[in-house]
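Participant: With these hints in hand, go ahead and build the complete structure from the sequences.
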Amino acid sequence: MSGGVDSSVVAGLLQRQGQRIVGLTMQLWNQRRLPELTPEGGATGRCCSLDDVYDARHVAQHLGIPYYVVNFESGFEEQVVKPFIDDYLSGRTPIPCTLCNNFIKFDQFLDLAEGVGATRIATGHYARLGFDDATGRYQMSRGADHSKDQTYFLFGLKQEQLARTDFPLGRYTKPQVRELARELGLPVAAKPDSQEICFVPNGDYAAFIDAYFRERGIAPEKTQGEIRDRAGRVLGEHAGVHHFTVGQRRGLGIAAAEPLYVIATEPANQRVIVGRNEDLLRATLTAKDMNWISIAPICSPIRAQVKIRNRHVAADATVWPLGSNGATRIEVRFDEPQRAVTPGQAAVLYSGDLVLGGGWIE
Amino acid sequence: MRRFYFDHNATTPVSQSVLEVLVAALLEVPGNASSIHQDGQLAKQRLEAARREVTALLGCDPKELVFTSGGTEADNLAILGSVARDLGAGAPHSHVITTAIEHPAVLNPCRELERSGVPVTYILPGPDGVIEPGDIRRAIRPETALVSVMHANNETGALQPIAEIAAIAHQGGALMHSDGVQAAGKIPVDVRALGVDFYSISGHKFYATKGIGALYVKKGANLRPIQFGGKHERERRPGTENVPSAVALGKAAAIARGTLPIETLRLSELRDRLETGILSRVPDTGVNGVSHSRTPNTTNIYFDGLEGEALVISLDLKGFAVSSGSACSSGAVEPSHVLLAMGLAPERARASLRFSLGASNNEEQVDALIDAVAGSVAQLRKLSPTYTSA
Numbered sequence: 004m005s006g007g008v009d010s011s012v013v014a015g016l017l018q019r020q021g022q023r024i025v026g027l028t029m030q031l032w033n034q035r036r037l038p039e040l041t042p043e044g045g046a047t048g049r050c051c052s053l054d055d056v057y058d059a060r061h062v063a064q065h066l067g068i069p070y071y072v073v074n075f076e077s078g079f080e081e082q083v084v085k086p087f088i089d090d091y092l093s094g095r096t097p098i099p100c101t102l103c104n105n106f107i108k109f110d111q112f113l114d115l116a117e118g119v120g121a122t123r124i125a126t127g128h129y130a131r132l133g134f135d136d137a138t139g140r141y142q143m144s145r146g147a148d149h150s151k152d153q154t155y156f157l158f159g160l161k162q163e164q165l166a167r168t169d170f171p172l173g174r175y176t177k178p179q180v181r182e183l184a185r186e187l188g189l190p191v192a193a194k195p196d197s198q199e200i201c202f203v204p205n206g207d208y209a210a211f212i213d214a215y216f217r218e219r220g221i222a223p224e225k226t227q228g229e230i231r232d233r234a235g236r237v238l239g240e241h242a243g244v245h246h247f248t249v250g251q252r253r254g255l256g257i258a259a260a261e262p263l264y265v266i267a268t269e270p271a272n273q274r275v276i277v278g279r280n281e282d283l284l285r286a287t288l289t290a291k292d293m294n295w296i297s298i299a300p301i302c303s304p305i306r307a308q309v310k311i312r313n314r315h316v317a318a319d320a321t322v323w324p325l326g327s328n329g330a331t332r333i334e335v336r337f338d339e340p341q342r343a344v345t346p347g348q349a350a351v352l353y354s355g356d357l358v359l360g361g362g363w364i365e
Numbered sequence: 224m225r226r227f228y229f230d231h232n233a234t235t236p237v238s239q240s241v242l243e244v245l246v247a248a249l250l251e252v253p254g255n256a257s258s259i260h261q262d263g264q265l266a267k268q269r270l271e272a273a274r275r276e277v278t279a280l281l282g283c284d285p286k287e288l289v290f291t292s293g294g295t296e297a298d299n300l301a302i303l304g305s306v307a308r309d310l311g312a313g314a315p316h317s318h319v320i321t322t323a324i325e326h327p328a329v330l331n332p333c334r335e336l337e338r339s340g341v342p343v344t345y346i347l348p349g350p351d352g353v354i355e356p357g358d359i360r361r362a363i364r365p366e367t368a369l370v371s372v373m374h375a376n377n378e379t380g381a382l383q384p385i386a387e388i389a390a391i392a393h394q395g396g397a398l399m400h401s402d403g404v405q406a407a408g409k410i411p412v413d414v415r416a417l418g419v420d421f422y423s424i425s426g427h428k429f430y431a432t433k434g435i436g437a438l439y440v441k442k443g444a445n446l447r448p449i450q451f452g453g454k455h456e457r458e459r460r461p462g463t464e465n466v467p468s469a470v471a472l473g474k475a476a477a478i479a480r481g482t483l484p485i486e487t488l489r490l491s492e493l494r495d496r497l498e499t500g501i502l503s504r505v506p507d508t509g510v511n512g513v514s515h516s517r518t519p520n521t522t523n524i525y526f527d528g529l530e531g532e533a534l535v536i537s538l539d540l541k542g543f544a545v546s547s548g549s550a551c552s553s554g555a556v557e558p559s560h561v562l563l564a565m566g567l568a569p570e571r572a573r574a575s576l577r578f579s580l581g582a583s584n585n586e587e588q589v590d591a592l593i594d595a596v597a598g599s600v601a602q603l604r605k606l607s608p609t610y611t612s613a
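As they're listed, the protein sequences go chains Y and X. Each residue of the first sequence is one higher than the one before, starting from 4 at the first, in the working numbering. Each residue of the second sequence is one higher than the one before, starting from 224 at the first, in the working numbering.
These aren't lab readings, by the way, just hints derived from the structure by calculation. A hint or two may mislead.
[Unchecked claim] Interface residues of chain Y toward chain X, partial, derived using beta-carbon atoms under 8 Å: (1) Val56; (2) His65; (3) Leu66; (4) Pro69; (5) Leu115.
[As the list claims (entries may be wrong)] Chain Y stretches covered by chain X per the calculated footprint, using a threshold of three residues with CB under 8 Å from any CB of chain X: (6) 208-219; (7) 252-265.
All C-beta atoms, glycine included, are put in the ideal place defined by N, C-alpha and C.
Facilitator: Structure follows, in structure tokens:
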């Protein structure tokens, strides 16, 4: 229970069904750390803030269910925050929500829930789960509300995790969920949606990374460098590759005749490479650490729609297994070139609403 | 579901006879104890009668007791009220010695002193959770103004050698404060024999209400107020006296004085039954800290290979209230700073639970708790990535 509308409605729905439920909130990050990031002193409005815990507790009290806050701060820092920072410094654009889902929420947290006597966990994700008797696999589909669909962040879930998980909101749209919240009389029915990465204030991840290094007393290595075009001409300077992500247009500080976009970052020599929009188009990508959900690992090419970032519209492609070892890597060949294929993001494969699986873009 | 309460070091329920005098005071004593009329006089009489009961528990003179809003205020008053912070340019700094195992109500006023320029030395305990008096002696400086060491630790129950430490403090020219919140009402306390200058107690730790406590201030000990207002409590603690709560505290003190010898024995037998039961039934467990010199109601046990937080939740869902570590502001659990200071590995500190017994507990409850602990630990260890049975 994050204290938001979605997980609160989940609790209300399950209780209405007569399930015995326990509310749990994960304490993931101490919002009083890195105070320079929130000069207004307001560790508010973000996940793990005291306000959100207050709201979650209020909902639990309203429903009359046992409720606990459980501390996962150290696991979150090791398995989400540090890899997040490492990715940016290595020129990749990470998805911390997926790391959290894979290693905290549907792993350590799920084990804790089972340890205290729960048989299953339910979360407020917009995704649907089913079971295919023919293959004996748990299957995942996009949430009925495609605008809220969260399957892109859930591609890493293994079969044994899905077996113990429920996504009760998958069949609802967000407006329906808000209506349910009002119907259930939940005190958070009108609370705004949260958007950003929960531990990064105002979405300024570069400022977060800088503050994190200052807090740990690590002198930032030389991160500034040159901005070059594809021909190797130096066009300007930058304050660190972690300020840039592929496809980014803003913040380059270069006056040019036509719009310039980041087309790659090269952390080895601290270079940011810029080019024209069409330089961002790629017809193929490879992805690693594939997790197959609704189908078994492929051994021959399949047709699929492939999503390369959360806001991307899944594009038609042929997916080829690489190597002989159960398709842990794939090559995706798009029918039409796609803009800004970004290392560190995920390639998630769909067949209609069905989530086939996904992996990390190399 | 029946609920069994094993967290008496966190707080205790108000006892029936305390409740009766509290309600009677609320109904029958509406006056302001500082008023000169008869309504005021009645309130003053009840207040002073309560004060005498409390001082009888502590072995001091009624003039030496200041009522406060609780243990935290008593600790703050003793520390911030006895250590001068603004000594003027060129004056020697004062200095404070305390320990790493104190309650936040002592640690945080000390941090506040540090922020205003007063150095503070934090003494570490031995692995048994007990402070070595020699360590205090070595930390004393000519400018040391105050030594503050708790009488009984809230997490382990370990009793500290207060009399010895007070003698060392006085030899060094410093005043001595002891936070007795976890001792008063649980073990006999004689502030004169301890030789302390200040001693804090809290009502809700021994069956009085929340929101009332007291500070013993030895006659002649220099103490300035830390809040400012009327001339209550001999100008050491302003604010209209909380007569009903003081009456409750007085009653709880009187009861404790009467029942202490028997209840101490009863609770230590129950505690030992619990400890022996858990240690014999559940493998890879042990007691944290000293096993002999501790409050009779407390045991702190580690359960290797699991998270204490999960065990607390599991037991709570089965109807047993116990505690682990200390709650942070969100309500999540942080590993106990006391256990960490004793040198426990962080994993073991996080795998530790405190059981603190009290008046409501009996053998049947203890046996039910042992069963519940054995079941919950087995379930959690089955899922633990780190636990492999020996």
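Participant: Does each hint fit the structure? Answer for all of them.
Facilitator: Consistency of the hints with the structure:
1. With a cut of 8 Å, the hint placing Val56 of chain Y at the interface with chain X holds, because the nearest CB-to-CB distance is about 5 Å.
2. With 8 Å as the threshold, the beta carbon of His65 of chain Y stays out of range of chain X, its nearest partner Cβ sitting at about 17 Å, so the hint is violated.
3. Nearest Cβ of chain X to the Cβ of Leu66 of chain Y: about 16 Å, over the 8 Å cut. The hint is violated.
4. Interface restraint check: Pro69 of chain Y against chain X, minimum CB-CB distance 6 Å, threshold 8 Å, status holds.
5. For Leu115 of chain Y, the interface hint holds, since its Cβ comes within 8 Å of a Cβ in chain X; the closest pair sits about 5 Å apart.
6. Residues of the stretch 208-219 of chain Y lying with their CB closer than 8 Å to a CB of chain X number 0, which falls below the three-residue condition for coverage.
7. Counting residues of the stretch 252-265 of chain Y whose beta carbon lies closer than 8 Å to any beta carbon of chain X gives 0, which falls short of the minimum of three for the stated coverage.
Violated hints, in rising order: 2, 3, 6 and 7; the structure is consistent with all others.
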